[in-house]
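Protein sequences, first through last, are from chains A and B. For what it's worth, the working numbering labels the leading residue of the first sequence as 1, then goes sequentially. For what it's worth, the working numbering labels the leading residue of the second sequence as 1001, then goes sequentially.
Some hints could be false.
So the derived list for chain A, only partly shown, Cβ under 8 Å to chain B, looks like this [to be verified]:
no., residue
1, S77
2, H173
3, N177
4, A196
Listed below are the simulated SDA-like cross-link pairs for lysine to any residue, each with C-alpha atoms no more than 20 Å apart in a straight line [stated by the list, open to error]:
no., chain 1, residue 1, chain 2, residue 2
5, B, K1155, A, G45
6, B, K1159, A, G45
7, B, K1111, A, G45
8, B, K1159, B, E1035
9, A, K159, A, G45
10, A, K88, A, L147
Pulled from the structure, derived: some chain B residues nowhere near chain A, Cβ distances all over 10 Å [as the list claims (entries may be wrong)]:
no., residue
11, E1011
12, R1017
13, S1018
14, L1027
15, D1033
16, E1053
17, E1055
18, H1122
19, D1165
20, M1168
21, Q1170
22, L1176
23, R1185
24, D1192
25, A1196
Hint data in this document are derived by calculation from the structure and do not stem from the laboratory. Idealized CB from N, CA, C, for every residue including glycine.
Protein chains: 2
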Amino acid sequence: MEKRVITISREFGSGGRSIGRLVAEKLGYRFLDQELILEVAKESGLAEEVVAEYEEYATHRSSFLYAIAVSNGGNLSFSNQIQAAQAKVIAAEAERGNCVIVGRGADYVLKDRTDCLHVFIHADTDFRAKRIVEQYGETSKKPIDRLNDKDQRRKVYYKSITMRDWGMSQNYHISLNSGVIGLERCADIIADIVRAAE
Amino acid sequence: MEKRVITISREFGSGGRSIGRLVAEKLGYRFLDQELILEVAKESGLAEEVVAEYEEYATHRSSFLYAIAVSNGGNLSFSNQIQAAQAKVIAAEAERGNCVIVGRGADYVLKDRTDCLHVFIHADTDFRAKRIVEQYGETSKKPIDRLNDKDQRRKVYYKSITMRDWGMSQNYHISLNSGVIGLERCADIIADIVRAAE
């Protein structure tokens, strides 16, 4: 079965986004990550900044923007409103096909489509700690605490949308340790599977 | 880092054992599955049949052989006795190197070695149900019940040995859905990773 859509879920610092971009280049697919924020904003009627902040801090309920958005909420709760818009945008992009979608529980949203390849990228803590400092610079917080914090958020966020456990092999067609296998090789493996399925 | 040992954990009916055998052939590695029973029996001082039955029904406490073995137990509990022997045999085989080891929580036993590639093979229920009937024939039990029963046992067995959750991506370097990717291609992907790491 041809795979027209690739979803990439990933641990923070594992290079999942970079792998997704490489796969998109190799296959000539559209790469969708930050690009989705604008679409979700349009679909939900919320400001881009609110959507971006929600995606970044999905389970961090104390932010100022979040508080404003909640106070403006209608019948649908704020998070449900964004999640519904996300699901609609992801489904529409999948329908257009030939794309790589990063994060946002896209594997769950598209679980009933047979033309999707669902990927999970993870890596050991040391590899990721080194990588986030290289990629995003130092902060006042220790790298290990930044990893744990972000992983915990993604875990809770994923569970809240999907009711499934984040990182369970069975939710993906392929899961790869990018630190051991290497980013470029991970991208090659994924692209080869897609090419073979054509 | 050269990968001299490959461990394969797998869902029942996913073809993990067949993939392991293919990988061993492709790389010229020793294939260790049933072969380990004799070694574990020797190491533990227990009969081969008792070890085989323990491995098959690790969490099924009502069997006759199990009852006999328990009644003969010393200070070390029966299951601890087998598990300790398994761990010793697996560590010795890994030390010899160039082998594919199936099941038995080998990924956990060898987790601190850097020359191992840890693999998890899974597949959708329909694929596995069809496969177990083809491979092992019909029984009075529905295929789906056989799958659930065996998966549940492996899950409990793995947790009892490792205290980790069976099937979590992070416990393996690569996890593959053999039904979607195909057994032969799964074996190629694994063998290629090992060759590239040499």
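Hints versus structure:
1. For A:S77, the shortest C-beta to C-beta distance to chain B is roughly 30 Å, which exceeds 8 Å, and the interface hint is violated.
2. A least Cβ separation of about 4 Å between A:H173 and chain B falls short of the 8 Å threshold, and the interface hint therefore holds.
3. At its closest, the beta carbon of A:N177 sits 4 Å from a beta carbon of chain B; the interface hint therefore holds under the 8 Å criterion.
4. Satisfaction of the interface hint for A:A196 is found here, the shortest Cβ-Cβ separation to chain B being roughly 6 Å, below the 8 Å cut-off.
5. About 45 Å separates the Cα atoms of B:K1155 and A:G45, which puts this hinted pair outside 20 Å; it is violated.
6. Restraint check for B:K1159 and A:G45: not satisfied, since their Cα atoms lie roughly 46 Å apart, outside the 20 Å limit.
7. Of the pairs offered as hints, the one joining B:K1111 and A:G45 is violated, with about 49 Å between alpha carbons and a cut-off of 20 Å exceeded.
8. Between B:K1159 and B:E1035, the direct Cα distance comes to roughly 24 Å. Violation of the 20 Å bound is thereby established for this hinted pair.
9. Restraint check for A:K159 and A:G45: not satisfied, since their Cα atoms lie roughly 25 Å apart, outside the 20 Å limit.
10. Between A:K88 and A:L147 the CA atoms are separated by roughly 30 Å; this puts the pair beyond 20 Å, and the hint is violated.
11. The non-interface label for B:E1011 is inconsistent with chain A: the shortest C-beta to C-beta separation is roughly 8 Å, within 10 Å.
12. For B:R1017, the non-interface assignment is confirmed: its Cβ lies about 17 Å from the closest Cβ of chain A, beyond the 10 Å cut-off.
13. No beta-carbon of chain A is positioned within 10 Å of the beta-carbon of B:S1018; the least distance is around 18 Å.
14. Here B:L1027 stays apart from chain A, with its beta-carbon at least about 16 Å from theirs, past the 10 Å limit.
15. Taking the minimum C-beta to C-beta distance to chain A, about 21 Å, the non-interface status of B:D1033 holds against the 10 Å cut.
16. The claim that B:E1053 lies off the interface holds: its Cβ sits roughly 28 Å from the closest Cβ of chain A, which is beyond the 10 Å cut-off.
17. Chain A leaves B:E1055 outside its interface by the beta-carbon criterion, the shortest separation being 22 Å against a cut-off of 10 Å.
18. Consistency note on B:H1122: stated as away from chain A, yet its beta-carbon is not over 10 Å from all of that chain's, at 5 Å minimum.
19. Once the 10 Å rule is applied to beta carbons, B:D1165 is inconsistent with being away from chain A; the minimum gap is 8 Å.
20. Not every beta carbon of chain A lies more than 10 Å from that of B:M1168, the smallest distance being close to 6 Å; the non-interface claim is violated.
21. Non-interface call for B:Q1170 relative to chain A: violated, since the shortest CB-CB distance, roughly 5 Å, does not exceed 10 Å.
22. The beta carbon of B:L1176 is not kept farther than 10 Å from every beta carbon of chain A, the shortest such distance being approximately 6 Å.
23. With 10 Å as the threshold on Cβ separation, the claim that B:R1185 sits away from chain A is violated: the shortest Cβ distance comes to roughly 6 Å.
24. Against the 10 Å criterion, B:D1192 falls within the reach of chain A, whose nearest CB is about 8 Å from its own CB.
25. Its beta-carbon lying about 6 Å from the closest one in chain A, B:A1196 breaks the requirement of being farther than 10 Å from that chain.
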